[in-house]
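Enquirer: Sequence:
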Amino acid sequence: MIEHIVFCTNIYIDKIKSNFTRERDVAHTTTREIKGLLGCLYMIGAIKCGHRNARDLWKLDGVGVDIVSCVTSEKRFEFLLRFIRFDDIRGREERKKFDKITHVRWLFESFILQCKQSYSLSEFVTIDEKLQAFRGRCSFRQYIPSKPAKYGIKIFAMVDNISYFTSNMEIYAEKQPDGCIDNSPKNVVHRLIQPIRNTGRNVTIDNWFTSAPLADELLNQKLTLLRTLRKNKTQIPQEFKITKNRPVFSSYFGFSGKKVLVSYKPKNNKIVLLLSTMHNDNLIDSSTGAAKNQT
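Read in order, the letters of the sequence shown correspond to residues 1269 to 1563 in our numbering.
Derived by calculation from the structure, the hints in this document are not laboratory data.
Do not rely on the hints blindly, as some may be mistaken.
As the list claims (entries may be wrong) - Only pairs whose alpha carbons sit at most 30 Å apart, straight line, appear in this in silico DSSO-like list of lysine-lysine:
{"hint": "1", "residue 1": "K1398", "residue 2": "K1490"}
{"hint": "2", "residue 1": "K1512", "residue 2": "K1501"}
{"hint": "3", "residue 1": "K1343", "residue 2": "K1398"}
{"hint": "4", "residue 1": "K1343", "residue 2": "K1283"}
{"hint": "5", "residue 1": "K1443", "residue 2": "K1365"}
{"hint": "6", "residue 1": "K1327", "residue 2": "K1365"}
{"hint": "7", "residue 1": "K1418", "residue 2": "K1538"}
{"hint": "8", "residue 1": "K1526", "residue 2": "K1509"}
{"hint": "9", "residue 1": "K1443", "residue 2": "K1526"}
{"hint": "10", "residue 1": "K1283", "residue 2": "K1364"}
Based on the provided sequences and hints, a complete structural model is requested.
Expert: Now the structure itself:
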C-alpha cells in the first residue's frame, strides 16, 4: 500500500515540477518518507494537535512537537500534504466517468480488506452512517445539521457492537454514473453484510435503511435483524401508531412468521416502532431502566 502511494505521488510530482524554480523543492518521495509522514500524522492526532496551526508544530518556544520536527521540515511536510496522491492521475479522467471516488478507491478498498481479514466480529453488529468532518472541495460533501461537524463525507459502516471495531464501510458519493454503484439503502446493507452472510449474526440498523423485504432477505442469508421503523410504512397496523388512550411505557406486540413488531410508548404523544427477527416472544427486560408497564 505504501509503495502504491509513493508511485502515484511521484507521478504527480513529475507533472507539477515545472511550476517550481528549484528542483530540490519537488524531489521525489520515498517509502521511508511516506511512513514518516503517516507517523507524524498519527502522533499529531494522538496528542490532539490536529486543529492547531501546522506551523506551530515546528516552533522552538515550547509549543512545538519535537518528534515531528525531527522527522521532516515544515516546508516538506506541507509539500507532501498538498501533493500526495492515491491514484494514477494519468487515467483519472476516464475513471471519473464511472466512479466519483476514483481518487481514493484503491486505497480505501485495500484498507477495508485489511479490516475484514484482521478481526472476527462478535455475534452482534450495527450498520449506520457517520459524518467524517471535512470542509474542503468535494462534489459529494454532505451537510447534516444534526451532526456535530455538520459538514463532511458521509460513510456507511458496519461495526462490532462489543469492541466497536469497524469491519466494513463505504463512502456515500451521492448518485453515481449509470452502471456503477447503487446507493439505495437496501443495497448498501447487502454490500456491507457480505463478509458475514450465512453466519447467524444479528444486524441492527436504523429506519433510513428500512425496506419491507429486507428482513426476509436477511433471514434467507441466515442473519437476524433489529431495526427501528418509521410510522409512515404502509405495512404497520394503524393501532400500533396511535398514542391516544395508551399508558406511557406500554408496549404492543405483533407477530408474523419469524418477525416481531413492537410499538412502544416512551412518553405522551410519541411512539417508537421496532421490528425484529431475532426475538419471538413478548417479554420485556424489567431489570434495566425504570419499571415499565407491559401490554
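Enquirer: Against this structure, judge whether each hint is valid.
Expert: The hints, checked one at a time:
no., hint, result
1, K1398 to K1490, "holds, 27 Å"
2, K1512 to K1501, "holds, 19 Å"
3, K1343 to K1398, "violated, 33 Å"
4, K1343 to K1283, "holds, 19 Å"
5, K1443 to K1365, "holds, 12 Å"
6, K1327 to K1365, "violated, 45 Å"
7, K1418 to K1538, "holds, 27 Å"
8, K1526 to K1509, "holds, 21 Å"
9, K1443 to K1526, "violated, 35 Å"
10, K1283 to K1364, "holds, 19 Å"
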